[in-house]
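S.K.: Following the hints, position chain V with the ligands against chain D.
So the chains spell out like this:
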Amino acid sequence: MQNTIYQKIWSQRVILNLIFLLLLAAPLFLSDFRLNLLGKFLAFAILAIGLDLLWGYTGVLSLGHGIFFGLGAYCMAMYLKLEATGGGLPDFMAWSGMSELPLIWIPFQYPIVAIILGILLPAIIAFMLGYLTFRNRISGVYFTILSQALVLVVVTLFVGSQNLTGGSSGLTNFNTFFGFSVNSATTQTAFYIITVIVLGLVFFLSRKLVKGRFGKILVGIRDGENRMRFLGYSPSAYKTFIYTLSAAIAGLAGMLFVLQVGIISPTMIGIIPSIEMVLWVALGGRGTLIGPVIGAVLVNAAKTGFSESYPDIWTYFLGLLFVLVVVFLPKGITGLFEKWNDRRKKQDVSSSVEVEKSYS
Amino acid sequence: MSQAVLKLKKVIVDFSGFKAINQLDFTVKPNCVHFVIGPNGAGKTTLLDVICAKTKATTGEIKLHSTKELSKLSEDQIVHQGISRKFQAPSIFQNLSVIDNLEIAMKQKKNLFSMMKAKWTKEQKKKINEMLELVGLKEVKGQLAGSLAHGQKQWLEIAMVLMQEPDIVLLDEPIAGMSKKERDKTGELITKIARDRAVLIVEHDMDFVKEYADIVSVMHEGQLLFEGSMEEVQNDPTVREVYLGRKVEENVVN
Ligand SMILES: Nc1ncnc2c1ncn2[C@@H]1O[C@H](COP(=O)(O)OP(=O)(O)OP(=O)(O)O)[C@@H](O)[C@H]1O
Ligand SMILES: [Mg+2]
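Which chain is which? The protein sequence lines are D and V, in order.
Per the working numbering, the very first residue in the first sequence carries number 1; after that it's consecutive.
Per the working numbering, the very first residue in the second sequence carries number 1; after that it's consecutive.
You may find that some hints are simply not true.
Computed from the model, here is a short list of chain V residues facing chain D with C-beta under 10 Å [said to hold, decoys possible]:
| id | residue |
| --- | --- |
| 1 | Cys-52 |
| 2 | Ala-53 |
| 3 | Lys-54 |
| 4 | Val-79 |
| 5 | Ser-84 |
| 6 | Arg-85 |
| 7 | Gln-94 |
| 8 | Asn-95 |
| 9 | Asp-100 |
| 10 | Ala-105 |
| 11 | Leu-112 |
| 12 | Met-115 |
| 13 | Ala-118 |
| 14 | Lys-119 |
| 15 | Lys-122 |
If you want the footprint, here are the derived chain D segments under chain V, 3+ residues with CB under 8 Å [claimed, not checked]:
| id | segment |
| --- | --- |
| 16 | 210-224 |
| 17 | 229-237 |
Below, computed lysine-lysine pairings styled on DSS-like, alpha-carbon distance capped at 30 Å [said to hold, decoys possible]:
| id | chain 1 | residue 1 | chain 2 | residue 2 |
| --- | --- | --- | --- | --- |
| 18 | D | Lys-211 | V | Lys-125 |
| 19 | D | Lys-211 | V | Lys-117 |
| 20 | D | Lys-339 | V | Lys-141 |
| 21 | D | Lys-208 | V | Lys-138 |
| 22 | D | Lys-211 | V | Lys-138 |
| 23 | V | Lys-138 | D | Lys-339 |
| 24 | V | Lys-126 | D | Lys-211 |
| 25 | V | Lys-127 | D | Lys-208 |
| 26 | V | Lys-185 | V | Lys-29 |
| 27 | V | Lys-109 | D | Lys-208 |
| 28 | V | Lys-185 | V | Lys-138 |
| 29 | D | Lys-211 | V | Lys-107 |
| 30 | D | Lys-208 | V | Lys-122 |
| 31 | D | Lys-208 | V | Lys-141 |
| 32 | V | Lys-7 | V | Lys-56 |
| 33 | V | Lys-141 | D | Lys-331 |
| 34 | V | Lys-181 | V | Lys-192 |
| 35 | V | Lys-107 | D | Lys-208 |
| 36 | D | Lys-211 | V | Lys-56 |
| 37 | D | Lys-211 | V | Lys-122 |
| 38 | D | Lys-211 | V | Lys-127 |
| 39 | V | Lys-29 | V | Lys-107 |
| 40 | D | Lys-211 | V | Lys-192 |
Simulated from the structure, these hints should not be mistaken for lab results.
C-beta: ideal position from N, C-alpha, C; glycine also.
In isolation and in its complexed conformation, chain D is listed as follows:
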């Protein structure tokens, strides 16, 4: 019994390490185009891990993570834009008749500051919203509605402030990052490798967090928030922390996204993308960490394949997929594996029982 548990953990770890090495080696066998796509999917996968910590482990459903992703992406894009204009005014600002760089853009001249803000801004906003709602014991569907309201507010704000954000066309046309051309294949490969390493780190640290006592407390909050209070815990502190953490991870993902995709606009961070993000987690299997990573990559690979051939059908397909998963695969793809594993084990047991019988 003990042995098989060790074996299971060991083999899990080996598989995870193999996947990680395979991803690192991908530049050797994927074309630049495919590599760039995979890099984008992996950026989404990073976000999915954070969302799983929040939804899968802690039971808090946010339909507004597009905003945190977007804040990270815009922070990075603002820096890239300023790099591209070489100290001048970004084109869209000049078009809307501005003559001087607005105050809030000034810190983004410095890449380090932009990177720090890309993580810090989403975290601060999540902290404030989380602190107020969770402390007042607003949870479940009420919190989810609030998280959607946040999307509406931020997207409206971004579209409306044309001269600050580039409005609905967003930010694009970048040149260099730390002086390296963002359009060269080498830089893009470097971005890909950085994305894989960040994914590995976020995964490893999240796994460490949920495997320990902390993770059990999160599950306790998910399954019985009130009971946890009578065990001496204050669930709101834990929920606020995880919400803040997952927003920071989303910001990180957004930055890696914009580096590889080269554009960010309000439609990429709004309500529909926010719902899609939840779907990655649901499809992959919530509360497993690896499931959401698989989900993010698979859904986005399918999306790319589909929209190359039938761009209009994708949204319908996505809706259908969601219904199918909720009805038939409540535990997602990883749940399917579990089932398969259990069945195999049962077969093992029954065959060993038969062996025993034949001996007695």
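M.R.: The following block gives chain V with the ligands in isolation, referenced to the frame of chain D:
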């Protein structure tokens, strides 16, 4: 022995006009098995609720060790004052193993930052093993709590309460749904744990009360009707009139 660990003074719990607890004075003494009985709707569960802050008192005082006022504290703060509650329906974490349930219940610093650094200590492991032994769940310690039998779930929850090392234990109908053997075991356990703490139990089963009670309080319409030993309770005419008329006489006759 005589010093009160917990004292309620003139407590009222008002549910929009209906007073589930009405001007109640109530004292809990240390090292006692203290039963609360009374007809349905008498306010017994509400009494436990108001002590552990599940329900807030509308007015009145709740004093711990005659100094610390509890009525303004939140549920988790009350736990850290040494008061632990077992609910009527077993409320354990189905998706965690038996040992995990005890691990998160056990007395420790439970704030966010301490918990991030939390590590097993030898003493913690020892305490959990002793508890598993005490409540007889050693064989199933690795199983998911959701897969336990009903009686085992009740035991697990009692163990979770005890892992918090409370000074006052509140139990709401702990033997409901248990077999005769399980009841005896629970009774013995209650006697044992009351040696160094107060145990306040809401119970309907009069045989059980009679066997294990040090003190019995009878509640009726949100007030304390009578308090004394089980014998005194059975012989009190007012108690007979409002409540025991049916049940205890039957039991006494039996
Ligand atoms: N949240 C609430 N809102 C309104 N009324 C309530 C609430 N909780 C309890 N009551 C009422 O208060 C009264 C006392 O309830 P309580 O649960 O304390 O009774 P009890 O003595 O535990 O009864 P039982 O023996 O049936 O468990 C009941 O009439 C109940 O309907
Ligand atoms: Mg009751």
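S.K.: Given the hinted pair D/Lys-211 and V/Lys-122, is their Cα-Cα distance within 30 Å?
M.R.: holds, 19 Å
S.K.: Taking the closest Cβ pair, is V/Gln-94 under 10 Å from chain D?
M.R.: Hint holds; V/Gln-94 Cβ to chain D Cβ min 7 Å, cut 10 Å.
S.K.: Run the distance test for D/Lys-208 versus V/Lys-141: straight-line Cα separation, threshold 30 Å.
M.R.: holds, 23 Å
S.K.: Starting from V/Lys-126, check that the Cα of D/Lys-211 is at most 30 Å away, please.
M.R.: holds, 21 Å
S.K.: Sort out whether V/Lys-138 lies within 30 Å of D/Lys-211, counting only the CA atoms.
M.R.: The given pair, whose Cα atoms are some 22 Å apart, holds under the 30 Å limit.
S.K.: Regarding the pair V/Lys-109 and D/Lys-208, is the alpha-carbon distance no greater than 30 Å?
M.R.: holds, 20 Å
S.K.: Below or equal to 30 Å on CA atoms is what counts here, so check D/Lys-211 against V/Lys-107.
M.R.: holds, 20 Å
S.K.: Against chain D, with CB atoms and a cut of 10 Å, does the hint on V/Ala-105 hold up?
M.R.: Holds. Min distance 5 Å.
S.K.: When the nearest CB of chain D is found for V/Asp-100, is that gap smaller than 10 Å?
M.R.: Hint holds; V/Asp-100 Cβ to chain D Cβ min 5 Å, cut 10 Å.
S.K.: For D/Lys-208 and V/Lys-122, compute the direct alpha-carbon distance and say whether it is at most 30 Å.
M.R.: Holds. D/Lys-208 to V/Lys-122 sits at ~21 Å (cutoff 30 Å).
S.K.: Quick one, are D/Lys-211 and V/Lys-192 close enough, alpha carbons at most 30 Å?
M.R.: Between D/Lys-211 and V/Lys-192 the Cα gap is close to 35 Å, so the pair fails against 30 Å, i.e. violated.
S.K.: Under the criterion that the straight-line Cα-Cα distance not exceed 30 Å, is the pair V/Lys-181, V/Lys-192 satisfied?
M.R.: holds, 17 Å
Of the numbered hints listed earlier, those contradicted by the structure are 15, 36 and 40.
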